[in-house]
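Peer 1: Chain by chain, the residues run as shown.
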Amino acid sequence: TKSIKVATDATWPPMEMVDANKKIVGYDIDFLNAVAKEAGVAVEFKNTAWDGIFAGLDSGQYDAIISSVTITDERKAKYDFTDAYTSIGQILIVPKTDKTSKTIADLKGKKVGSQIGTTGTMEVKKVAGVESKTYDEVGLAFEDMASGRIDGVVCDEPVAAHFALQKKEYKDKFKIVGKAFTKEGYGIVVKKGNKELVNLLNKGIKAVKAKKIDTKIHTKWVK
Amino acid sequence: MINKQSTHTPIEVGDGAAIPHKDDSGLFTAWRIAFFGAIILCLFLAFGRSEQYLAIFKFVPDGILVTFKVTIGAILLSIVFGLIAGLGRISSNRLINGTASLYVEVIRGIPLLVQLFYIYYALGRFIRIPDILSAIIAMAFCYGAYMAEIFRAGIQSIPKGQIEAALSLGMSRRQAMQQVILPQAFKVVLPPIGNEFIALLKDSSLVSILAVADLLRRGREYASETFNYFETYTVIALIYLIMTLFFSKLISLMEEKLNDGH
Amino acid sequence: MINKQSTHTPIEVGDGAAIPHKDDSGLFTAWRIAFFGAIILCLFLAFGRSEQYLAIFKFVPDGILVTFKVTIGAILLSIVFGLIAGLGRISSNRLINGTASLYVEVIRGIPLLVQLFYIYYALGRFIRIPDILSAIIAMAFCYGAYMAEIFRAGIQSIPKGQIEAALSLGMSRRQAMQQVILPQAFKVVLPPIGNEFIALLKDSSLVSILAVADLLRRGREYASETFNYFETYTVIALIYLIMTLFFSKLISLMEEKLNDGH
Amino acid sequence: MTATSRPMIEVTGVSKFFGSFQALKDISFTVTDGEKVVIIGPSGSGKSTILRSINCLESIDRGKIIVDGMDVSDPTTDICKVREEVGMVFQSFNLFPHKTVLENLTLAQTVVRKRSKSEAEDIAMELLHKVNITEKASAYPAKLSGGQQQRVAIARSLAMNPKAILFDEPTSALDPEMIGEVLDVMKTLALEGMTMVVVTHEMGFAREVADRVIFMDHGSIVEEGTPEHFFTAPNHERAKLFLSQIL
Amino acid sequence: MTATSRPMIEVTGVSKFFGSFQALKDISFTVTDGEKVVIIGPSGSGKSTILRSINCLESIDRGKIIVDGMDVSDPTTDICKVREEVGMVFQSFNLFPHKTVLENLTLAQTVVRKRSKSEAEDIAMELLHKVNITEKASAYPAKLSGGQQQRVAIARSLAMNPKAILFDEPTSALDPEMIGEVLDVMKTLALEGMTMVVVTHEMGFAREVADRVIFMDHGSIVEEGTPEHFFTAPNHERAKLFLSQIL
Ligand SMILES: Nc1ncnc2c1ncn2[C@@H]1O[C@H](COP(=O)(O)OP(=O)(O)OP(=O)(O)O)[C@@H](O)[C@H]1O
Ligand SMILES: Nc1ncnc2c1ncn2[C@@H]1O[C@H](COP(=O)(O)OP(=O)(O)OP(=O)(O)O)[C@@H](O)[C@H]1O
Ligand SMILES: [Mg+2]
Ligand SMILES: [Mg+2]
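Residue numbers (our numbering), protein chains in the order written: chain A, 31 to 253; chain B, 3 to 264; chain C, 3 to 264; chain D, 4 to 250; chain E, 4 to 250.
Some hints here could point you the wrong way.
[To be verified] The calculated lysine-lysine pairs, modelled on DSS-like cross-linking and capped at a C-alpha distance of 27 Å, are:
1. A:Lys67 with A:Lys209
2. A:Lys53 with C:Lys189
3. A:Lys138 with A:Lys213
4. D:Lys133 with B:Lys189
5. A:Lys67 with A:Lys32
6. A:Lys138 with A:Lys155
7. C:Lys189 with E:Lys139
8. A:Lys205 with A:Lys76
9. A:Lys132 with A:Lys35
10. D:Lys67 with B:Lys162
11. A:Lys53 with A:Lys242
12. E:Lys102 with C:Lys189
13. A:Lys53 with A:Lys246
14. A:Lys53 with C:Lys162
15. B:Lys60 with A:Lys140
16. D:Lys133 with D:Lys67
17. A:Lys35 with C:Lys71
18. D:Lys28 with B:Lys162
19. B:Lys162 with A:Lys156
20. E:Lys84 with C:Lys162
21. A:Lys132 with A:Lys106
22. A:Lys198 with C:Lys162
23. E:Lys120 with E:Lys146
24. A:Lys76 with A:Lys108
25. D:Lys166 with B:Lys162
26. C:Lys259 with E:Lys139
27. A:Lys126 with A:Lys205
28. C:Lys162 with E:Lys243
29. A:Lys141 with B:Lys71
30. B:Lys162 with D:Lys102
31. D:Lys120 with B:Lys189
32. B:Lys71 with A:Lys138
33. C:Lys259 with E:Lys102
34. A:Lys205 with A:Lys106
35. E:Lys120 with C:Lys189
36. A:Lys106 with A:Lys156
37. A:Lys52 with C:Lys162
38. A:Lys197 with C:Lys162
Simulated from the structure, these hints should not be mistaken for laboratory data.
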């Protein structure tokens, strides 16, 4: 069978992360494994820093990326995407002490953090008057908010739920405000022009969705 | 032969950029080629064939400012830390001496990047200080350990007779230090401090990891949005190169001035 | 006075950890306290009150291995680069000399982190090499510039009479270099290379930014999943401290041996 | 002995160890006000160490040193106070290279004696005149010859109005042609009645100026007496041997 | 002149500049096979420079140097070949400190002459015997006295079977008691018919051994002749002055 190498930035729980045995696990991992099974290919995951994850695709260090990559027009201009395999949205988290803010726009004159190069960053930058701060890992943004250096964090909905609910310290200190304010789809990224792989993966995604495997995976990781 | 060269000839290679001295013509020429070459390349890229590069140059300037802020803040603060720890290292009080030595040994034993993470995030738990300031404190705390050794060596390079002469005139230890030893030591430590400055300018790029929006961070942000990694890092590297070369030249000129003086 | 101290007394403060020499009793004691203190603290944390720390210690060991791999690979390769560039720096061929000087000046003028990004991401476009290897190459390329200066200084510290004697016996320049100069220079450059080794061990933590699964990267992965940043970085810092202190001691013992020899 | 018999420096049973090596062995002597004492002896005999002990640059392990009524060996004594009263001139001059000659003389006056700048400068110029070197007031020490530097060092010491001055081989770092000018200054001081303790190998000076000569060897005082006695008929073999070598 | 008249070293109209300073001015002389020439002259007169030029350690700016038929100044000449034929002994010995005495002698033999290790060692031991220092064969140079080191350096040079040896003040870094042992070795060499060019201040040696004396000053040859002529009745003022100072 055909084997593909897939990059992921395993610092984005619960979508992709490293477990206690240093195995890469998470929603995306389970999902792609299911897709691969349906499509009849073997997958090898490679942990890669988010910062350069697209550069690695350019240089051919791997064939695809599955790392909670939102399908955007800018990205579509440079890379090819599969069909969206799940839909999520960006969400705002603020300290519990902040009783007033409901949207990013309410944080004018303040600092909002996000992971570098994510759609979260792009959303923050859209709002004039809010200072954007970018982090290598989204966890560091939460740490910084715990130290009071920033006033809000924007990230993907499942990640927010994970961070805000799982760690006691964060649960005591932070709250999610409002609902997801964007509608995005995650896609698997391949090099521009690699139609063959896109078609193969799309076929697998369709099959997985048809068999409702994805809802099982969803309940397993996102609860 | 009568073995003039001992096996322990100390070879000095600073961790800063190569400060071009007059007597090293190779390096001197290399400095020129590198410096002017980098400037010309920058101009060529900015106003040359593609818009891309110009966009990068427009994106990063506030990062340069932050880089300077961090560098200058950290060097000044590290001089304070270093002076205190350096005086501690030559103190005859065992506790003070021990503490200062431990500071020097522990700090120099841990990677700067790890310390930055540690001080930045650990510090954040206990005191609430703005991010650039905590980055500066973290950098200065690390560099203070190196500065301490520079000050210690500088002070110890002043002949013992100097302090004895001051003491025998009735000055207190503190007065002798302030009036006689430190002003002389100051001149001796200037060149190595210059070297540390350059090293710090470069190492300040590490604060980008702490989400401080310095030059490198700005570049990474730009690259992660536009995917123009090659172009962006080329520009970032060129800007750093121009800055360090400029300052190493400045330092070399200052040293010359200093040596020309009395 | 007749001014024994020149204003240009070179003060040597390496960028490695403080290598404790016998004659600096303060540092010597500090080394002991730091080293054994760190080990005891590690044991205490691992087997003390909380399970958390033990989990961290179980998570990171393969990262230590990668850190060693990168460090040792990079130091060996940087010696090769450094030797070539160092010989270039003393070459009388203007082109070779110029190229080597430019390499030294440019590389030392750009932050290591920027270079790592550049070589890893930007050049990744053109050549395809596995990630640990490209991290090693990037580190070595950078450290090679410092090594070059060490080799240059080491070779130039050998009296001119040595090469003249070899030439006048009919040896070629190459033979004289290989048989007479380099073996002698080797002894002189060992201590500064030891210093670079320690510095490299610490700087190898930068490759974590490139997602090379070294010690620091493992720590960051662990922390990003468990959110125990404080605990994780404490352990990481302690492990680095133990490693650098161990090796600086080893180097100091080696230097002593070397000086005892003929 | 000249002058009054008020004791200025009293050294009683002083011993000093460097590690296990005993540099001073039960040394006792007294210098009265106005007296000039010359200490001679072979290298390593402890001459510098005793001077340095009087000036508190070395701590002593046993015995007592009293300077102008103040007990130097008592930890509660203000050492700075003692040092203000006793000047010291070193073999290596130890001028402050980053200060001009004038500043060398005014520094301690302003910092320690709290004199105003202009008062300190007046005193300084007067003393430079005395040691015959006014023209170099604004030069830096590096520009002076050794003899000039040592004369400035003596003037610097005098600027604190000390009650006694200790000289540790003040001429042995000098070229022969400069020794005379320094000794001349010292002789003038002696004539003016300054209390002086001088370690020197200049036997001519000792003969001419000393009220008393102390000969040390291996950390002990071996012989003590007037110059006539010492130079013509020393009692001890070691002193005889030393004189035969040096004269 | 002794021996055959085949020229071994021919120096013709040689000039050499260091920057704008002319160290050699139109120097010409010939050394025939087996001849012993002593070059004397004040410091800085260019004696070392001419020796170094013959051995190609300095390049020359004008003129021609032919050694054993090979044109040194011609860039196509294999310089190593020339150096193999001409040995050189330095003032500072320049033994290789990281090699034992024996290895100092065998290194170039094996590397340049491609002799086997055992052959090279046999030759080396023979030469060490000749310079009377066999017992130090396995010692490192640092353990040898200056005189011993210089004798080893001569032996090292001989190991390459040179046709001529250049000596640049071989005894002036030596303590007086060691000069004799080195000069003795050189005299033996001379007796055996070796072609030698010797820069030295040892006038006794020059008188005894030299076939010809060349006197240099300010980069020129001022006088040339037999030792009897030179030491008894030199023509030139400068030579007279130099002799009066040195003898
Ligand atoms: N700081 C020190 N540590 C160890 N030993 C010392 C120290 N200072 C002096 N000594 C030793 O004490 C002895 C007396 O020294 P001191 O300098 O008093 O001799 P000196 O009579 O002044 O000799 P010189 O004529 O050489 O100046 C010497 O043996 C010296 O080696
Ligand atoms: N590498 C050099 N660069 C510049 N000048 C040099 C160099 N080597 C020699 N000289 C100059 O050339 C002149 C001749 O030097 P040379 O060493 O030949 O003199 P010498 O006769 O051997 O003197 P000595 O008896 O001191 O050895 C001197 O004035 C010297 O300063
Ligand atoms: Mg003394
Ligand atoms: Mg010479």
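Peer 1: Run the structure past the numbered hints and jot down the numbers of the failing ones, going up.
Peer 2: 1, 2, 4, 8, 9, 14, 16, 19, 21, 22, 28, 34, 37, 38
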